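K.L.:
Each chain, letter by letter, is given below.
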Amino acid sequence: MSRLQTQTPPQISPMAPWPLVALLAPLFPLAMQDGQALYLPQSPLALVAFALLVGSLLLRRVAGGGRSEAALLLVGVAAGYAAPLLLLARGLRPEIGLWLLLLGATLLLGRVLRLLAEATGPARHACPALFGLAILLLWEILTRGFQVPAILLPPPSAIAAAFAANAADLWDDFGQTVLTSVLRGYLLGCGAGFAVAILADRVPFLARGLLPLGNLASAIPVVGIAPIMVMWFGFDWQSKAAVIVVMTFFPMLINTLAGLASAERIQLDLMRSYGAGYWRSLLLLRLPCALPFLFNGLKINSTLALIGAIVAEFFGTPVVGMGFRISTQVARMNLDVVWASITVAALTGSALYGALALAERRVTAWHPSFRKR
Amino acid sequence: MPAAHTAAHTAAHTATHTVAAPPPAPLVEAEGEPGREPGRTIVDIRHLTLTYQAADHPVYALSDVSLSIAQGDFISLIGPSGCGKTTLMRVIADLEQPSSGDVLVNGMTPEQARLKRAYGYVFQAPALYPWRTVERNVTLPLEIMGTPRAERQTRAREQLERVGLTGFERKFPWQLSGGMQQRVSIARALAFNPDLLLMDEPFGALDEITRDHLNLQLTQLWRRTRKTCVFVTHSIAEAVFLSTRIVVMSPRPGRILDVIDCARDLPPERTLDIRESPEFQRIAHRVREGLMEGHSYDD
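Chains A and B, in that order, are what the protein sequence lines are. Each residue of the first sequence is one higher than the one before, counting from 1 in our numbering. Each residue of the second sequence is one higher than the one before, counting from 1 in our numbering.
Hints may contain errors.
Listed next, with one range per pair, are the computed distances between beta-carbon atoms [what the hints assert, rightly or not]:
(1) Arg149/B x Ala219/A: 29 to 35 Å
(2) Gln217/B x Arg361/A: 34 to 40 Å
(3) Arg149/B x Phe314/A: 53 to 59 Å
(4) Asp169/A x Glu169/B: 25 to 31 Å
(5) Arg361/A x Leu272/B: 43 to 49 Å
(6) His234/B x Arg361/A: 37 to 43 Å
(7) Gln217/B x Leu213/A: 53 to 59 Å
Listed next, the stretches of chain A that the computed footprint assigns to chain B, with coverage defined by at least 3 CB atoms under 8 Å from CB atoms of chain B [stated by the list, open to error]:
(8) 123-136
(9) 261-267
(10) 279-290
Listing some non-contacts, in silico: residues in chain B with all C-beta distances to chain A over 10 Å [what the hints assert, rightly or not]:
(11) Pro148
(12) Thr166
(13) Pro278
Note that these hints are calculated values from the structure, not bench results. It should be emphasised that the depicted structure is a prediction, and the values quoted were computed from it without experimental measurement. Using N, Cα and C, we set each Cβ at its ideal position, and we do this for glycine too.
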């Protein structure tokens, strides 16, 4: 990558003509207002947006490089997205003209993302951020424009409102599910998997006996095991932690065993030539070799643990917890609260996974997949 | 050790002047160091046989091998692929168990010798640990042996300087070229100052120019340190250039066909130029003959 940049800057490919469909917008009705068709010239707001979009298209050749062209086109894209949002806010129903404007803006965004995909430095985060933002805005505009029932799919704004209104409940759920159940179950499950793997490494028959069991355990459906664990360990976090232990134990065991077996023969011979005993070779050679495998297990388990806890809460919990919230609010048709809970779960899962990935990058920077010269 | 150094130099001169002197030259210069009588046997192998069971048939890797290696010798084991030269060295290192026969290393069984850290082993690949810096790779054996931290560092620096890698202490192995990595692994083998250095085709994977360069460095290193070396190689030129004695082995089952004394005809202090000399050519020719003879057994 860096070598490429010292050469001539990459050629900017010519733009495909598709964003020009926005030019058809004035030919069709823009929206319905009180049963009457509203055309583009009749709405000053839409007119400004249209002018900005067309203006950015016309001016893009003036821009010097890829990045300034992207910035210029982004103004047009923003205008194309703002028009339907503002018209919806005034209670108008969008028609073909507005959808054409939105389509043109979206296709133009494709061009912007393409230009930004090659960016380096802080600007390289712009591409995924814009992508995510565009999906949220499209979701908002489409659900409201087509009046999708909130039970099927509420718009993001409604989810955000539910989030704000139920913040205290959601925080309690987070505390119960993540900080109590998931954290404890995860540490127990991964810790036990790791410890048993070390034991099985010393006692070969354990490994041979446990691995088939591992396959069996990974085939157990969590919805089957969760009610049993609730009966065994009660409604509180203990039953959730037990489900998580069942789900995370074997992935950790199998990954650790594979990692311990990954040291090369020549490296082991070296340890032997120094007269190093079992524990020394384990600490100095085999565990460092196993680190990439350990992190794999930890990352897989971080998502499994969250799923396990939420599903287990469906089968009985004190009146708090993400699974409890989802199951009760679905029954009350408060789908926006359900979506807010899902958002919390998704963000938590991503944060856990991301933190582990960052730690992995730091700890195993020597591994070929992370090496930098 | 300046005393040993000058002793080695004078020995080199006497050796060049009295070419036909019957006692092999490399045994002379150990006199400067107390406790190491010249010609003391370091490795003694008698009637060694090694058979192992492959999938469907027994493999005779080594058959009735007897060899004695003296203090300060540089022995090359040469032979075609699969002739058991690596196996022989792994037996000395207690990485492989013989089926029958006796092996003594420093008067001990190979296992005792291994646990006393009697030898340093240089493998075909550098076998460096990628999560350790170059310096911490060299200190690895010292850590295992419980050397204090400060001494570990000075010794590692010393050995890295010896193989010409000063300034690379903080690098990681994968930031170094193949030749440099192999030099690190030699420094690591030297770090705990073993009497015996076992090297298994250490330069086999390197290009010829690097290999020549490292051969020169190795022979100088050997002249300075007077370590007993056992060196496995495929290359006739490499074997003749480095060795005091060359052991020619036959294809499976591995037997010793010929032991050629190079120290008598070649000076102990060697430069790459000696490869053009008639003595060098003559020894190389004899090694080749030996290898050819070994092959005719097979046909």
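K.L.:
For every hint, state whether the structure bears it out.
P.N.:
Verification of the supplied hints:
Take arginine 149/B and alanine 219/A: their Cβ atoms lie about 50 Å apart, and the range 29 to 35 Å is violated. In this structure the supplied range 34 to 40 Å holds for glutamine 217/B paired with arginine 361/A, their Cβ-Cβ distance being about 37 Å. Checked against the given bound of 53 to 59 Å, the beta carbons of arginine 149/B and phenylalanine 314/A, roughly 56 Å apart, stay inside it. The hint said 25 to 31 Å for the Cβ distance between aspartate 169/A and glutamate 169/B, and at roughly 57 Å that hint is violated.
The supplied range of 43 to 49 Å is met by arginine 361/A and leucine 272/B, whose beta-carbon atoms lie about 46 Å from each other. The given range of 37 to 43 Å is respected by histidine 234/B and arginine 361/A, whose C-beta atoms sit roughly 41 Å from each other. The beta-carbon spacing between glutamine 217/B and leucine 213/A, approximately 55 Å, falls within the hinted interval of 53 to 59 Å. Coverage of the region 123-136 of chain A by chain B is violated. Counting CB-CB distances below 8 Å, 0 residues qualify, and the rule asks for three or more.
Only residues whose beta carbon comes within less than 8 Å of a beta carbon in chain B count, and the region 261-267 of chain A has 3; three or more means the coverage holds. Check on the region 279-290 of chain A: 4 of its residues sit with their Cβ under 8 Å from a Cβ of chain B, so the three-residue criterion for coverage holds. With a least beta-carbon separation of about 17 Å from chain A, proline 148/B lies farther than 10 Å from that chain, consistent with its non-interface assignment. The Cβ of threonine 166/B sits about 21 Å from the closest Cβ of chain A, beyond the 10 Å cut-off, so the non-interface label holds.
The non-interface label for proline 278/B is consistent with chain A: the shortest C-beta to C-beta separation is roughly 40 Å, beyond 10 Å.
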